[in-house]
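Under my numbering, think of the first position of the sequence shown as -3, with each following residue one higher.
The hints are simulated quantities; they were obtained by calculation from the structure and are not laboratory data. Computed from a prediction, not measured in an experiment: that's the story for all the values here. Backbone N, C-alpha and C define an ideal beta-carbon position, used for all residues, glycine too. Mixed in with the good hints there might be a few duds.
Derived CB-CB ranges, DEER-like [claimed, not checked]:
| hint | residue 1 | residue 2 | range |
| --- | --- | --- | --- |
| 1 | Q202 | R33 | 45 to 53 Å |
| 2 | V401 | V112 | 44 to 52 Å |
| 3 | S158 | N(-3) | 20 to 28 Å |
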Amino acid sequence: NILIALPASCKVTLLLDCGLSCMPGISAASYPSSFHRVSMSPSAFTVGQGPASSSTRQRYLDLPPSVTQPTRILGDGFIPVGGCKCHAFSACQQQQWCAELPIEGVVQGAFTWAWVKALMTRHLKPTVQQQYNTLQAVFSSLLPSFKGLDQIPTLAVSASASSNEGLIYSADSAGEALPFKVRYPKANQRRRALLIGSNYVGSHAQLKGCVNDVSNVHAMLRNSLHFRDEELRVLVDGSPAALQPTKDNITAGLQWLISGARPGDGLLLLFCGYGAQHPTSPGNPGHEAYLVPSDFAANLPSDFFTRPEGQSSQNLSRSSARLSYRLVPMLEVSQTCGQLPAGTRMTVILDCSYSVLPSVSHTQAQPIVFQRVERGRVDYRKLRDFVSRPRFLELPALPFQHTPVGMRVRFSDCILHCFSACRLSGGG
-3 NILIALPASC
7 KVTLLLDCGL
17 SCMPGISAAS
27 YPSSFHRVSM
37 SPSAFTVGQG
47 PASSSTRQRY
57 LDLPPSVTQP
67 TRILGDGFIP
77 VGGCKCHAFS
87 ACQQQQWCAE
97 LPIEGVVQGA
107 FTWAWVKALM
117 TRHLKPTVQQ
127 QYNTLQAVFS
137 SLLPSFKGLD
147 QIPTLAVSAS
157 ASSNEGLIYS
167 ADSAGEALPF
177 KVRYPKANQR
187 RRALLIGSNY
197 VGSHAQLKGC
207 VNDVSNVHAM
217 LRNSLHFRDE
227 ELRVLVDGSP
237 AALQPTKDNI
247 TAGLQWLISG
257 ARPGDGLLLL
267 FCGYGAQHPT
277 SPGNPGHEAY
287 LVPSDFAANL
297 PSDFFTRPEG
307 QSSQNLSRSS
317 ARLSYRLVPM
327 LEVSQTCGQL
337 PAGTRMTVIL
347 DCSYSVLPSV
357 SHTQAQPIVF
367 QRVERGRVDY
377 RKLRDFVSRP
387 RFLELPALPF
397 QHTPVGMRVR
407 FSDCILHCFS
417 ACRLSGGG
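Taking the hints into account, I'd like the entire structure generated from these sequences.
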């Protein structure tokens, strides 16, 4: 009834990821608003036996009959010619089960997952029919992994709409509706992106999702925004030595990102991993924030983090060896941005704790030095098998100054946008 009452100027896209999701009233050929009770066939899924099957559920709720008033239907019961443009994507046919499944490590609706994948495959620019065809192809890719998955997504289009029109619309200066288009840089402009992600494989505090984060952003840049290979540098675990997310490679990557930058260029920095805090200098109560590379413990004894609590820093403080962590100061990231000329666009995304970039602007001048953020003791060994885990790394204080003496930063002249995962005292 809501759709029937909408004017012709409206465009509606419906996504229904549930059982009995075939929309009535989209057109004269749609499913009727009332029907005989659907007898669902027995589900082919086995629920509650093993970790994978226990995450599998059917999105259908069987309710006992009750006496209710029938829904009043407007007009002829469907969107008339001259009404709104409506495209309704439904998760399954009327007599089928709609499933949620453990896909890519997360329990989610199979239909919604496939719909988003189809949209990204078409670079955000499909026609309605292309989106539906790709949706079916992506959905079929699940069948070998999930036996018994038999749902078939459906598409219904109102009389005023067409399956050959663009699924996503934007308006140009004349107000005409056009399919969405990506804005590419002009010939004298360039793009670069530095993507960094580490799961700290082999360390005492491994993560699980950081490389996945980088893969998702990389797929968007390559497939949707059409970045070229030479415009991307990706530092992740498992890469060749020159592309590992180590301290030296991150520092070199920052210089690659800004080298030769000119007004009009668009740059992106993404870091996914641990953030850490450490005293600015030995005995100083002030702390600074750091990005944690994959080789953060390369200068330490192999048993440093497995010693009884408190012994690590005590033993080192008695030693004459100048051992240290390998960290990237947040101040160094600010200094990198400060070297960019006016008119350059820089976007920084920091998916870690202590991720507030200092000295972004005069109005958002986050401090470089802050009082230690107390978080309590973290037992990273107990977190190894947890799906959820914090992205902050507690490091025992060492008698070493990790930020180079004399490193200074000034407010950047470039157009800088920094997205931080949390506040300074928050947990990433």
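Could you see if the CB distance from V401 to V112 stays within 44 to 52 Å? Hint holds: Cβ distance 49 Å, inside 44 to 52 Å.
Outcome for the supplied range 45 to 53 Å, where the beta carbon pair is Q202 and R33: 52 Å, holds
So the hint says 20 to 28 Å: do the beta-carbon atoms of S158 and N(-3) match that? 24 Å, holds
Comparing the model with each earlier hint shows no violations; every hint is respected.
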